[in-house]
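Chains as they are written, first to last, in the numbering used here: chain H, 4 to 585; chain V, 33 to 615.
Calculated from the structure, these hints are not laboratory results.
This structure is a prediction, so every number in the text was calculated from the model and none was measured.
There may be inaccurate statements among the hints.
Derived CB-CB ranges, DEER-like [claimed, not checked]:
| # | chain 1 | residue 1 | chain 2 | residue 2 | range |
| --- | --- | --- | --- | --- | --- |
| 1 | H | 83 | V | 305 | 50 to 58 Å |
| 2 | V | 251 | H | 83 | 53 to 61 Å |
| 3 | V | 107 | H | 36 | 56 to 64 Å |
Restricting the straight-line Cα-Cα distance to at most 16 Å, the calculated cross-link-like pairs of lysine to aspartate or glutamate (EDC-like) are [said to hold, decoys possible]:
| # | chain 1 | residue 1 | chain 2 | residue 2 |
| --- | --- | --- | --- | --- |
| 4 | V | 94 | H | 137 |
| 5 | V | 465 | V | 418 |
| 6 | V | 94 | V | 133 |
| 7 | V | 467 | V | 418 |
| 8 | V | 85 | H | 156 |
| 9 | V | 251 | V | 210 |
| 10 | V | 181 | V | 332 |
| 11 | V | 146 | V | 86 |
| 12 | V | 203 | H | 272 |
Glycine is no exception: its CB is placed at the ideal position from the N, C-alpha and C atoms.
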Amino acid sequence: MPPITAKNAAKTSTAPKKAKRTRRTPGQIVRGLRRRARRIAGRLRRAWRRSLQLRVVTSTLVISIAVVAVLGVFLMQSITQSLLDGRTQTAVAEARANVATASGFLAPDNTDATDTSQDGSSGATTSPVDAAADALAQRAGSGYAVVILNSAEVGQSRATSNVDWTNIPAALRDKVRDNLSEGELASQPMTLRSIGHAGPEVGLAIGARVGSYEIYHFFPLTQEEATLSSVRQMLVGVGAALVALLAAIAFLVTRQVVLPVRLARQAAERLASGRLEERLKVRGEDDLARLATSFNEMASNLALKIHQLEELSQLQRQFVSDVSHELRTPLTTVRMAADLLYEAREEFDPGASRAAELMQNQLERFESMLADLLEISRYDAGAATLDIESVDMRDVVLRALADSETLAERHATRFELRLPTEPCMAEVDSRRIERVLRNLLFNAIEHGEGKDIVVTLGQDRDAVAMAVRDHGVGLKAGEETLVFDRFWRADPSRARTIGGTGLGLAISREDALLHGGWLQAWGSPGEGTQFRLSLPRLAGQELKGSPLPLVPPEIEMRRTWRGHGTPVLAPAMQESGGFDVD
Amino acid sequence: MWTKRLLVAVVMLVGSGCAIVPTSGSPRVWGEDTGRDTLSQPYVRIIAEPPRKDAEPLDVVKGFLAATASFDDPTLAVARLYLTSEALRKWKPYDTAQVYDGRFTADPVSTDDKNTTVRLKYESQATIDSEGRFAPLTSAGDQPFGLTKINGQWRISDLPDGRWLSSDDLKRAYRQMDLYYPPATHVTGLVLDRVWEPIDPSTGVAETRVRRLLSGPTKTIRSAVASAFPLSAKLNRISVEGNTVVVDFDSGLLDIRSDQMNAMKAQLAWTLGDLVAGRIIEVRVNGEPFRGGLTFKPTEWNAYDPNVLTSSPDAFYMQGGVLRLASEKGPGDPVGGAAGQGTMPFTDPAVSAQSQRVAARADGNGIWVADMVAGSQWQQWIKGTDVTPPSWDRYGAVWTAIRVSDTETQVFTAVGPGNPHRVTIPPDLTGAKFKALRVSRDGARVAMIVDDGSGPQVKIGTIVRSGIAAGIQEVQSLVPPRTGLINAIAWQDAATLLVLSKGKASQELAAWSVLEGEKENNQTIRLDPKSDIQSIAGAPDRVLASTEPDQDNAGEVRLYDDTKGTWVRVVGDAATAPVYPLG
Chain H
4 MPPITAKNAA
14 KTSTAPKKAK
24 RTRRTPGQIV
34 RGLRRRARRI
44 AGRLRRAWRR
54 SLQLRVVTST
64 LVISIAVVAV
74 LGVFLMQSIT
84 QSLLDGRTQT
94 AVAEARANVA
104 TASGFLAPDN
114 TDATDTSQDG
124 SSGATTSPVD
134 AAADALAQRA
144 GSGYAVVILN
154 SAEVGQSRAT
164 SNVDWTNIPA
174 ALRDKVRDNL
184 SEGELASQPM
194 TLRSIGHAGP
204 EVGLAIGARV
214 GSYEIYHFFP
224 LTQEEATLSS
234 VRQMLVGVGA
244 ALVALLAAIA
254 FLVTRQVVLP
264 VRLARQAAER
274 LASGRLEERL
284 KVRGEDDLAR
294 LATSFNEMAS
304 NLALKIHQLE
314 ELSQLQRQFV
324 SDVSHELRTP
334 LTTVRMAADL
344 LYEAREEFDP
354 GASRAAELMQ
364 NQLERFESML
374 ADLLEISRYD
384 AGAATLDIES
394 VDMRDVVLRA
404 LADSETLAER
414 HATRFELRLP
424 TEPCMAEVDS
434 RRIERVLRNL
444 LFNAIEHGEG
454 KDIVVTLGQD
464 RDAVAMAVRD
474 HGVGLKAGEE
484 TLVFDRFWRA
494 DPSRARTIGG
504 TGLGLAISRE
514 DALLHGGWLQ
524 AWGSPGEGTQ
534 FRLSLPRLAG
544 QELKGSPLPL
554 VPPEIEMRRT
564 WRGHGTPVLA
574 PAMQESGGFD
584 VD
Chain V
33 MWTKRLLVAV
43 VMLVGSGCAI
53 VPTSGSPRVW
63 GEDTGRDTLS
73 QPYVRIIAEP
83 PRKDAEPLDV
93 VKGFLAATAS
103 FDDPTLAVAR
113 LYLTSEALRK
123 WKPYDTAQVY
133 DGRFTADPVS
143 TDDKNTTVRL
153 KYESQATIDS
163 EGRFAPLTSA
173 GDQPFGLTKI
183 NGQWRISDLP
193 DGRWLSSDDL
203 KRAYRQMDLY
213 YPPATHVTGL
223 VLDRVWEPID
233 PSTGVAETRV
243 RRLLSGPTKT
253 IRSAVASAFP
263 LSAKLNRISV
273 EGNTVVVDFD
283 SGLLDIRSDQ
293 MNAMKAQLAW
303 TLGDLVAGRI
313 IEVRVNGEPF
323 RGGLTFKPTE
333 WNAYDPNVLT
343 SSPDAFYMQG
353 GVLRLASEKG
363 PGDPVGGAAG
373 QGTMPFTDPA
383 VSAQSQRVAA
393 RADGNGIWVA
403 DMVAGSQWQQ
413 WIKGTDVTPP
423 SWDRYGAVWT
433 AIRVSDTETQ
443 VFTAVGPGNP
453 HRVTIPPDLT
463 GAKFKALRVS
473 RDGARVAMIV
483 DDGSGPQVKI
493 GTIVRSGIAA
503 GIQEVQSLVP
513 PRTGLINAIA
523 WQDAATLLVL
533 SKGKASQELA
543 AWSVLEGEKE
553 NNQTIRLDPK
563 SDIQSIAGAP
573 DRVLASTEPD
583 QDNAGEVRLY
593 DDTKGTWVRV
603 VGDAATAPVY
613 PLG
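The following block holds chain V by itself, in its conformation from the complex (with noise of 0.2 Å):
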């Protein structure tokens, strides 16, 4: 009886271990992906090539440049093979970095066989200074290199110092950084810095990131923000273990005071951003826990965005002299208190942070203010007749230029009825006028048309705050002087600003990248050429624009479809003037 069981068993076993693959079982719940590696992003290299032998001049010199675009090895020692020894003494390659679009030219080998020089000829150059810092330079041009026989093979004599980098290069090896600092004003929120930096094999993007950010904030925001790290601090690597992305610093951050904490939390938070999305930060000093294990998500520090607006702001616009709040549905309510009542005519209004209050320009007498609550009133905050239209600051002080005088103009900034500051400005900006001037909502930047003379112009300047006086300094040009006109500016985030300019034929509307001085990817924003537009607002990823009246209609706000690249309309009805909080 036994041994038929047994044999009976002795089958099924024997069954069971021919199916090696099960065939069957039980549905399995497979978690979400954490263990892919987003630190470590692809990117291409150029791999620096010694010099060939007998290879001709133009091929030393675009193996030359190669080897420079190459960033494997930091002292670039197969880029020194093609120079002659008195080039490779003179020669300075970590200067600033060239950017050109161009082509390479070989004169004719001069008569004694012993020089020569390779033209590169280029349309558009750009810089990359050492800071990292991207600044276009629309000339065109023409780089001579000296080259010389010396043993029968050609080699580089005479050459400009920095590097030279395709725009494949710079496409391939460098990579947009945004790094983000607390402002000097301890308040909450963080101020946009972008560098461009080469990308480190031997680190990868992550750490040359965080390492960029401990080395402090570029020139020209310096003196507006402060960074939560100390000076001391080192990196010494970021790893990945599961779901927690370790960022690992030396002894030298324990010097950080402890009210620094959350300001350094969102600096790495935000200074990842993408890399670390959906993952957890934890902090180590030399590999211990910091301060009894530091770990955070970053989206608890989301309320430190430098756009300060959330993802669906309030907009607002002027119909029939009041100001009203859109709305998804039918005509937007007017909004409460004196500007929505109608009381006194005004222009220009502008919204403070958390829709408190509105600012706006009554005629030929300054800056008034009304909060947006039932029953309050207008209250004259800036005395002046030739005022630009208000600007918020994220501090709630409103911002205006009068032109004192014919060939003065003032900036003031007041919190409060009467008593407004003066800001200092930089001499060359005083003589100059004033069309518009807009704080960036992250209260670091401020935006301005000015026209000293030989056209209107865009300037972004760096606001400097000390206790309550304040400074524009840092004043760089972002669109050069142009015949024609601008016609306003806004912000649309943190690093762009909305331009919209009426040249000889029709107008332009650009966002213009505020920190690399170039037009977001060198386009416009596609405009409807049957109606101008009369004033714009930004807000992230939005755009709303008044249409001038014409014949069809009296005037109407319209969004910008970023996708479609058309223009809907929000409101008609004689609809001007939208505006976003602050920007």
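Here chain H stands alone, though its shape is the one from the complex (with noise of 0.2 Å):
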């Protein structure tokens, strides 16, 4: 719970939901918000590029709905505009019809009987434009309104109906009154109001001018604006329902070519993670069928293909293992008489004596080499295994170090041993562990141009792993996996030394694959290079980790400080790593 303040305090005390809504400030609500719109557009986004179908439906419906707007609005105002069309040409006949009438009562030559009749000479007779107001009234029954104006005398201005006179237009009564002959007719459309309770409604006017008089007809057109709304609700109606229906039709069409699309793609996926039996089911005749028909045949060429390399690789891996085992008795033979030759050498001239020197160690060499080949071809055919036991690894590292020590001497170079001080326990078989050391440890003297080699054990709850530290040329950028590759040379001018066969990296990675471990190399030109060999405590534990950095940490903090340093330090320090380097 949060400390809330005093006015808060009572706002709880009242109505405690409310306040810990109030809580939220509008900041808060905002940001909370545009989170949300955030991720919902980004799922959008994501389902946008990811689906075609979406793509294609959603384009569909853009589309149909314009083309159905554009369509809609034009048929609409044609409709609309036939149906007023038709309705005006009825109201101004009726309202001609009309004013012919009324001018009957209130033509010119009538005055004289305005005059009798005002002078109530016969008490019968109604004025003339009475009798006109009647005469429409009773022809415009409910149906419309009529009003007839004079401005010439007074009180000869009649309204039918509870018509609002007042709302004539002022447009339409200037045009009535200044220039419209008899027996034109003017119309307007207009906002009809009448007097009580009836609201406005659409109208037309329509005024004309019979001497002195100005007659107007109401039109209501409510009927019509009934009927162009309903029409107009049909319309938008029938426009979704097809604007659906496209999308429906859309979806439908994009849903059939994308199945197989989608089907073909995780029959690639799957092809591709190595299930070479993988095969597309073939429908019809079409387009996607032979696509499906193209894949299968390009699947089971690959198989084949796959199939033979296999073969061929197993052949030749045959063959190395066979030429190995074969070489092997001749060379006893060889080695034999070589041997004899050797220990023999102080009997013959300097000459011949080199030339047996020379063959014994070319010998030797030539040993080591069938014996690297058939235990990289064991390796091939799968035939390794491993011979597990529980042994401290403080142990192994140093019997390596022993094995290498007169190596170091011969190359001046000293090591630095970098040992936990607890035992260090790990499930290995430490023949081939001890072998991967001492290989490392050979190519780090041999490499090391007769600087210091650091070599560190550490552990951790899962792992245990050794790094082997040398300070020599280092590694090229990308050499680092290549150091891996059997016979692979840094520069292929440079002649072995300590004649190595090629194959010592490939068989200690070979190793510590075979134990689950890692073996990985990390080098740099002129800052030397380290090898790191992780291996899982337990066999056949996954490993996930290394307790040890592959790059090591000095190289590490210093490429952190180049990187944070101020410019002005920079370049100083760029000197003084250079130095180091040196």
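Could you use the hints to bring the two separately framed chains together as a complex?
The structure is reproduced here in structure tokens:
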């Protein structure tokens, strides 16, 4: 519970729920909304990018909405136009007939009659304007309204029903009064208002002039309006249905295309993951069926080729293994003969003695190469097995060091040993690990240019790791993986000084993999090289991480400094770094 | 194969698409037109115009009168523009309206160019008081309108109160409205009241009628009737929904007593009358159904007809000293009971409601009554020597006026033999001589031929009942005193009285509208100049008359044919004294 202010406390006491809600500030709410919107937008974008179907359906929807809207507006306009035109025609005809009737009463030659009735000489006759208005009112009924205005004489203006005569449009009135000859009519759409409850309605005003009288007809267009609004509703409904239908059609059509493509994609994925027996179902004879056929052909061809290659490589391995075996017997004989010669070299002349020595050396190298070849062919054949036992890795490291001692002395190289104080137990085949370490050490001595070699042993709960670090020429970028290739050589011109077979690191890597561990290399030109062997503590366990860094800590540290160094200091540091390397 | 079929289908579709308007089809039945809005009858309004610039005095007065004849604006804002500020203060526009037939003359403008007068000379005049009652005043006259020039424009400075309407204005802007109220005596039936109301364009005729109905009867009939509507009831509006006319009241209607419901419905049905013919009326209160939905047809309330009689009422006549029932063919049969036997000579028979009894005058011996069933006897109901012919009212009472002395007349009513009740009458009538007294069929009015020395005249009074006692009040003159004779009167319907009079030259028979004090349509019924009429009887749309015996025939009973304007013989052979029940 966050602390609440006094004001909030009062609120909390009355309405705790409300207070809880008010605790979220508007800014938080906006942020929350924005976050949610971003998330939704991201999801949509992803869906948009990933789904062909969504794209097709959406674009169909958008285009069809546009088309239907344009069509609907056009249709509506033309229907409105024709309906109103028809209604106006009828209204004008009605108004014309009424004006003819009215002018019978109101024609100028009847003005005498007006005067007599005004005099009241005969009480029975009504004034002409009343007679005209009566006649028009009877004709109009409740259908429309009529207003008769007279601007020349007073008291001669009449209106029928409850029309509000003041809503005659001013423009129409001017038109009728000023420039409308007898027999002409002028019409104008307007809003009809009436006295009383009824609200305003749409209408049409038609004006005419008879002598000094102006006659206006007001036709309500409510029925037309109702018709048009129902037509519009129908158009909107039909348009919406049409758009939905088009979208559904697009959905179905794209589904027909997308579904086989999706199946083909899934099959390709499975094929890529190595399941070469994967095939597509072929239905029909269309393009998609042909795609499936081609895919299947491609898959079977691939499988065939891979199978052939596998057989070929199997043959080669077999050949290497056989050759190695076959070479051993004559080699043993040659070796025995060479040993004899070597033993008796003292008795030869110096030239022959030197040749005997040379032969002895090269035969040793030939033997070890043959042994390595046999070893690696065992790996290739999958015949290598581990002889697992729990050992203290410190002993393994020390044994390997002892084996390398002589070579190190020859190169004037010193070892710097960093071992943990407590025992470092792991289930490994100690013979193989020792060989790996020995290999790494020989390698380091060979390329270390006489500088110190750092051997580190590290451990954590699940794994142990050994790192061998030299300060020689190092590796160029990209060579970290090449070093493990068979017979790979950093500089082809460089001769092998210690007579490595070129298979050592390859065998070491196979050994590490056999243990479920990693053997990795790091190198940088001028900085030296570091090899790291990481192994799980228990055999068969998966290795998740290594207790030691692949890149030596001091290099890592220097790199970090350089990255964060101030611009002023940077050159100096670079220089000093340069000296370090030298 | 299928392509051919498709082609045929497409061609057919295109072909049918060409004919947009169908040229054939099955017959379709259209029901009766019930959607027509009969509530909004066409009418014409005058448009009030403000005074024009530099108008002549005559035009100012005409414009003013035209503006007052406009009922668009109840405040008369436009008409007030014609008045000077002083006249505006004094003018009372809502007093009794004057209806004139006349013309205007303008006096010459006075020497100081500031004042003038426009005179309205009228030949006839009538008034419509604030209750809407129409009363004719057939006096010619002259009404001056004083004008004063203010800021160069003529304005009316001196004018009479109330609106002045020409007869055209009356015809255009007013409508005669028949209002119906139940009698104060809780009986099935209605009494007619008639007012003239201007059309309010904001509400329409139907609403104006019902509003006027709710505001109560006019003064003359007020004490004889009792509206079923509570005083607090107000009308919201009337609308048409399909075939139903919805009358929406406010919550004041909820106070109605449940025994008044039928009377209320009858009042509505009869007052709306022709506006709701063939429709259904629904009563609502503030838009909600009243008492679980109150709908009814106007025809359900025909029994409340104020004319009481059916459309083809029985007609009776005297022949050979007995009363006979007229029949379509041949001579009529004598009625049952004593009146059909001729056991006692009698004159001036009157038949009660539903043709149950006969009342008659037996010379010098008062009023005698006999049931119209076989074996009945004459019974003396009212004693007296100088009695007027008897008249039945709808409650089964017989009425007569008796000249008790040379200076006093008394009116009696009786519902059985002996023990007649004296009816109170206004003191100015007690001295007058009664020649006839007839109670209207709705039992609310009485028509009398009286002579108080200034000549015979017809007066109409309202019957006010309280328990068994009755009185005649609100006596008004219908036919003014005249020289000559008024022979007979007879009620034709609830609002029309037939008056037979004889002037200097010839007889005149006219139907007088009792509630307007005028002859209907200002016309008389054309009479056969050869034979004088002795007595008359009236029923709705029917007039019966008996002729004086002359050299050609011994007197006969004739029926007036309204459309042709001629008289048709019903029975000959000295038939006299035609009579319809009541009236």
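Going through the hints against the structure:
With their beta carbons about 43 Å apart, residue 83 of chain H and residue 305 of chain V fall outside the hinted range of 50 to 58 Å. Distance hint check: the CB atoms of residue 251 of chain V and residue 83 of chain H are about 59 Å apart, consistent with the given range 53 to 61 Å. Evaluation of the 56 to 64 Å hint for residue 107 of chain V and residue 36 of chain H yields a pass: the beta carbon distance comes to about 58 Å. Our distance criterion of 16 Å between C-alpha atoms is broken by residue 94 of chain V and residue 137 of chain H, whose separation comes to about 21 Å.
With a C-alpha separation of about 11 Å, the suggested pair residue 465 of chain V and residue 418 of chain V falls inside the 16 Å cut-off, and the hint holds. Under the criterion of a C-alpha separation no larger than 16 Å, the hint pairing residue 94 of chain V with residue 133 of chain V is consistent with the structure, at around 14 Å. Straight-line distance between C-alpha atoms of residue 467 of chain V and residue 418 of chain V comes to about 10 Å, which keeps the hinted pair within the 16 Å bound. A threshold of 16 Å between alpha carbons decides the hint, and for residue 85 of chain V with residue 156 of chain H the separation of about 13 Å falls inside it, so the pair holds.
At roughly 15 Å between alpha-carbon atoms, residue 251 of chain V and residue 210 of chain V fall within 16 Å of each other, so this suggested pair holds. Our distance criterion of 16 Å between C-alpha atoms is broken by residue 181 of chain V and residue 332 of chain V, whose separation comes to about 62 Å. A C-alpha spacing of about 14 Å is found between residue 146 of chain V and residue 86 of chain V, which places the hinted pair at or below 16 Å, so the restraint holds. Between the alpha carbons of residue 203 of chain V and residue 272 of chain H the distance comes to roughly 98 Å, so the proposed pair goes past 16 Å and is violated.
Hint compliance for this structure: hints 1, 4, 10, 12 are broken, all remaining hints hold.
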